[in-house]
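A.B. asks: Here is what each chain is made of, one letter per residue.
Number of protein chains: 2
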Amino acid sequence: MTSTLLTDLYQLTMLQGYWHERMSETAVFELFVRKLPPRRNFLVAAGLEQVIDYLENLAFTHQEIAYLRQSGFFQAKFLDHLATLRFTGDVDAMPEGTVFFPDEPVLRIVAPLPQAQLVETRLINLLQFQTLIASKAARCVLAAPGKSLVDFGLRRAHGYEAGLLAARAAYLAGFSGTSNVLAGMEFSIPIFGTMAHSYIMAHDDELAAFRGFAHSQPHNVVLLIDTYDTLKAVDKVIALAAELAQQDIHIKAVRIDSGDLAALALGVRRKLDGAGLQQIGIFASGDLDEYALQRFYDQKIPIDGFGVGTKLTTSNDAPYLNCAYKLQEYAGIPRRKVSSGKQTWPGRKQVYRRRDSNGILTGDTLTTMDDRQEGEALLQPVMRDGKRIRSPESLETIRKRIAMELDSLPAGLKALDEPSGHVVEISPALLELTRQTDMRLGLN
Amino acid sequence: MTSTLLTDLYQLTMLQGYWHERMSETAVFELFVRKLPPRRNFLVAAGLEQVIDYLENLAFTHQEIAYLRQSGFFQAKFLDHLATLRFTGDVDAMPEGTVFFPDEPVLRIVAPLPQAQLVETRLINLLQFQTLIASKAARCVLAAPGKSLVDFGLRRAHGYEAGLLAARAAYLAGFSGTSNVLAGMEFSIPIFGTMAHSYIMAHDDELAAFRGFAHSQPHNVVLLIDTYDTLKAVDKVIALAAELAQQDIHIKAVRIDSGDLAALALGVRRKLDGAGLQQIGIFASGDLDEYALQRFYDQKIPIDGFGVGTKLTTSNDAPYLNCAYKLQEYAGIPRRKVSSGKQTWPGRKQVYRRRDSNGILTGDTLTTMDDRQEGEALLQPVMRDGKRIRSPESLETIRKRIAMELDSLPAGLKALDEPSGHVVEISPALLELTRQTDMRLGLN
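As you go down the protein sequences, you meet chains U and E in turn.
Throughout the first sequence, residue numbering follows this note's numbering, covering 15 to 458 in sequence.
Throughout the second sequence, residue numbering follows this note's numbering, covering 15 to 458 in sequence.
This is chain U alone, in the form it adopts within the complex (with noise of 0.2 Å):
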């Protein structure tokens, strides 16, 4: 459970200004993405259900009113207010696992206004995370059709839960499991792992520890053939497959780590199919990123499974989106942002998108929540007066839709290098309310 402290002093700062001045009418903040990182053509909506679960259990303990009062910034009447607030608002959200553009408000919050500044900080936390992590992992999955994808990015996520909400996210986004345990344990996805390089130096000899790996898990043999020669080490391998089978213990298959995989795993395969192996599969990890996955499946690469680490963790091309949760509307009236280069949209806001009769998607209208538009709405209700309205979706409910909505993208934005030219149209209705909005700011 997350700490309620775990946000910017601006925020509880700016409460005690609302207090101070009784401002506590209805807010309405919407989180959307600016501008997509350079090669990315979309992204992949992630992390609403760690979302709902922070906004159900928002509040401070003694501890932590303890430890502001002793700060120096607050008011002691202040803190007592503050001691007792809960979320009472309301919550729409595209479900995860939906695509989505630049500008389309992923989420939106109907509060009290101190209640819904509050929560910005850990809102964007986790919904940036997740969808940075589900949006690199989709491009791996478009990279690799059909090819079982490991999360292998723990060690080198960004902390406990990086690599906790990493897992969960490529999971989502069609990776068959993580090396994570705790993910394993925490969202039931299937855990894979097997032996490190580590185990075969700490034995004198490296068919030694082929054999007392396999014989201590017959059932998951997975032998890492890289740490002194691979194809010297294939040799060891195929004579251990024949004296294994006797005991009916079956090699799965052989890793490769380094070196140059490609030219590496066709080596292996031959000499495996060689020997009649064909049922030992192989399995790469070590460096490897959606583009190096693209590069073994256009060429073919007999290379069944891959390990994606920490490219994937730390999205390492694009480690963060350019997002924002700005105010749309506070005591009924719509407001909007003008700073240089930071322009938003004004009001409560639905996304329509439109589809061809073979469901591919044709195109996005943002327009205002009252506002009717073709296509299918985009933003769902989620909460309503701080209760969550709908039991949790699974993650295999989440996985299907996110299979759906690759399957519907048109090839443009399935290109991992190439920009889409895909852009979201603004509705005669928003563009009319941006209008009156900056007429009353007196900006036009």
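None of these hints come from the bench; they were simulated from the model.
Ideal Cβ positions, reconstructed from N, Cα and C, are used throughout, including at glycine.
Among the hints, erroneous ones may be present.
Unchecked claim - Rough simulated footprint, nothing fancy, chain U against chain E, three-plus residues with beta-carbon under 8 Å:
hint, region
1, 17-30
2, 126-135
3, 161-171
4, 186-198
5, 204-214
6, 330-337
Unchecked claim - A short, non-exhaustive set of chain E residues, derived as facing chain U with CB atoms under 7 Å:
hint, residue
7, Y81
8, F143
9, Y174
10, E175
11, L179
12, G226
13, F227
14, S230
15, Q231
16, Y242
17, L341
18, Y344
19, K351
20, V352
Unchecked claim - So, partial list: chain E residues that the calculated Cβ filter (under 10 Å) puts toward chain U:
hint, residue
21, L82
22, L146
23, I147
24, L221
25, A223
26, G273
27, T324
Position chain E relative to chain U; hints supplied.
C.D. replies: Below, chain E without anything else, positioned relative to chain U:
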């Protein structure tokens, strides 16, 4: 506290293998960085305190063992054994705040093989992230000497722990504090914060927003002036300053968060000075990193303090370190990995650092633990028999160490953008041990 299941499955399957083969002699693992990321000339070690805490508390809960039991990977007797596992080993490490270079071990574990193996994932997860952020933060500090820097990056940090530990790492590196309230409570780091654009936007009038805020917290008046028109907002600040002064309320600073920060700061400074308000500082934020800070500094832009956010807490230009935790010795015999591109130096090692008469770093030598070289030995005893042997260092102690370390860097290493050419010397003793190890492995 960390779940001991926050690890890779292969650690546990290897442990089952070791258990099956009765391999529990003493193993030596060292954690090091193979290669600096682009645009880094050095790294700053951080995260040791969290590692010690993790190792002292290492144990599986009943619930975790129950999960492993139903996972299908493990034998019942092995899990009974695993339930009793604790960390009883020795740890030597560079103190937090030590500057280090590739191939230099920052931490050594000497423990029965299963224990030393199991902890790999979380050790890397903790040390690589804080080291990454402390190193990025140190670059920001070097880029803007004498300026006050504040961590604003919680929202786009990769989850809960990343936000918390990034605040710690940045403070160690010389930041003045953080916006992250939880980091303030957990680590006694100074916290900073006043208002966001939403505060201004929720009011119908910008001046009313400024006034309300100032009255609500008269000792923390920093006003955000870029919501609509930055220079027009300064006029309102000037008018308000006179009004507030009569009530003995003083505006400390204004903040600019968008637009051409340098040009705006110059314009704002001119207006404030023209009104005799030299004492009102200028604080800037928005998409900052060490390169932007250096530009402002070199151009003498009148900005007194900076909020550094996303690019700090994601270390955006280098979001991970090529680091490894490798078996160096088992059962008294030095070990070495020779996988392509991933070769390691065998055996227990020590790093000696040489300085000139002004204390400026002149070179490091990597050698075997038993060898003696000129200079200061960087790895120091931290834990013995699973217990810490000294009390935790205060953050202030580590801050002072980093400040001294940064002071002692030669100019070439301080440069943000030029490769330094700094080379870690390998001692004759270590070269000889490597030769012997390769001979034993039949590699030469």
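A.B. asks: Each of the hints needs a verdict: does it hold here or not?
C.D. replies: Right, here's what the structure says about each hint:
1. 17-30: holds (count 12)
2. 126-135: It holds: at least three residues are needed, and the region 126-135 of chain E offers 4 whose Cβ sits within less than 8 Å of chain U.
3. 161-171: holds (count 5)
4. 186-198: It holds, with 5 qualifying residues against the three required.
5. 204-214: With 9 residues closer than 8 Å to chain U, the region 204-214 of chain E meets the three-residue bar; holds.
6. 330-337: holds (count 5)
7. Y81: holds (4 Å)
8. F143: holds (5 Å)
9. Y174: holds (4 Å)
10. E175: holds (3 Å)
11. L179: holds (6 Å)
12. G226: holds (4 Å)
13. F227: F227(E) check passes; min Cβ-Cβ to chain U is 5 Å, inside 7 Å.
14. S230: With a minimum Cβ separation of about 3 Å from chain U (threshold 7 Å), the hint on S230(E) holds.
15. Q231: It holds, given that the least Cβ distance between Q231(E) and chain U is near 6 Å, below 7 Å.
16. Y242: holds (6 Å)
17. L341: holds (4 Å)
18. Y344: At about 5 Å, which falls below the 7 Å cut-off, the nearest Cβ of chain U leaves the hint on Y344(E) intact, so it holds.
19. K351: holds (5 Å)
20. V352: holds (6 Å)
21. L82: L82(E) check passes; min Cβ-Cβ to chain U is 8 Å, inside 10 Å.
22. L146: This interface hint holds because 8 Å falls under the 10 Å limit.
23. I147: holds (9 Å)
24. L221: Since chain U brings no Cβ nearer than about 13 Å to L221(E), farther than 10 Å, the hint is violated.
25. A223: holds (8 Å)
26. G273: Hint holds; G273(E) Cβ to chain U Cβ min 4 Å, cut 10 Å.
27. T324: With Cβ-Cβ at 5 Å, under 10 Å, it holds.
Hint violations for this structure: number 24 only, all remaining hints satisfied.
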